[in-house]
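Trainee: Residue strings, one per chain:
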Amino acid sequence: DAKTTQPPSMDCAEGRAANLPCNHSTISGNEYVYWYRQIHSQGPQYIIHGLKNNETNEMASLIITEDRKSSTLILPHATLRDTAVYYCIALDRGSTLGRLYFGRGTQLTVWP
Amino acid sequence: DTAVSQTPKYLVTQMGNDKSIKCEQNLGHDTMYWYKQDSKKFLKIMFSYNNKELIINETVPNRFSPKSPDKAHLNLHINSLELGDSAVYFCASSQRGTSGGNEQFFGPGTRLTVL
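Protein chains in written order, with the working numbering: chain S, 1 to 112; chain E, 113 to 227.
Bound-form chain S, shown alone (with noise of 0.2 angstroms):
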């Protein structure tokens, strides 16, 4: 699976768009990009995914340039309740038997 980068933090006010990066320049053509995010102490939640068209769900905004190289994040109005850390993981829905590599992520922090 193919390698993602993330800044460790970011941070957003209430009320305003958080866009979280993701590079993996070494994806390959089966491979998808994931969102999870975890808030503090609880398990990890589904977000988004796609492959390569932009998708939009109740949660969030996903932005996949036509490079594939990386992608965005969109949390069109984020809430203090989205603080949590937010994991973009690429993986080849064929081989991977559902095993998620979470890596670091990014911990976004949305202040009043």
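Hints are computed from structural coordinates only; laboratory data are not their basis.
All of these numbers come straight from a predicted model, not from anything done at the bench.
Even glycine gets a Cβ: it sits at the ideal position worked out from N, Cα and C.
Check each hint, because a few of them may be wrong.
Examples of chain E residues toward chain S, derived with CB under 10 angstroms [said to hold, decoys possible]: (1) E136; (2) L155; (3) R175; (4) F176; (5) P178; (6) K179; (7) A184; (8) C203; (9) R208; (10) F217; (11) G221.
Assemble the complex: chain S is given as a structure, and chain E must be docked to it using the hints.
Mentor: Coordinates of chain E only, in the frame set by chain S:
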């Protein structure tokens, strides 16, 4: 209406003891997992079971023995507990047929402290 539940939430025990952590999911998923999050917050997969069959075993000491009595349950038994086993253990589940099972639902975690 908890989707993935674990018991106990906290477990404090002495070195050398044997303990079990239980996990249940009511999502109808066919695959369940155990992850370990250590004090440095690294989250690593340990085991995965699909339809009660072991499919992932990530070089975990054989003191750890997962048991899946049915698709909805995956328990973790740990023998001869060591200080290094202190961590938060998370159970998760997914439906493998749907995108390879990578959309996983996690339980609240069990914080194990070995004294």
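Trainee: For each hint, tell me whether it holds in the structure or not.
Mentor: Cross-check of the supplied hints:
no.	hint	verdict
1	E136	14 angstroms, violated
2	L155	4 angstroms, holds
3	R175	22 angstroms, violated
4	F176	17 angstroms, violated
5	P178	15 angstroms, violated
6	K179	19 angstroms, violated
7	A184	17 angstroms, violated
8	C203	8 angstroms, holds
9	R208	7 angstroms, holds
10	F217	7 angstroms, holds
11	G221	6 angstroms, holds
Consistency note: the structure conflicts with the earlier hints numbered 1, 3, 4, 5, 6, 7.
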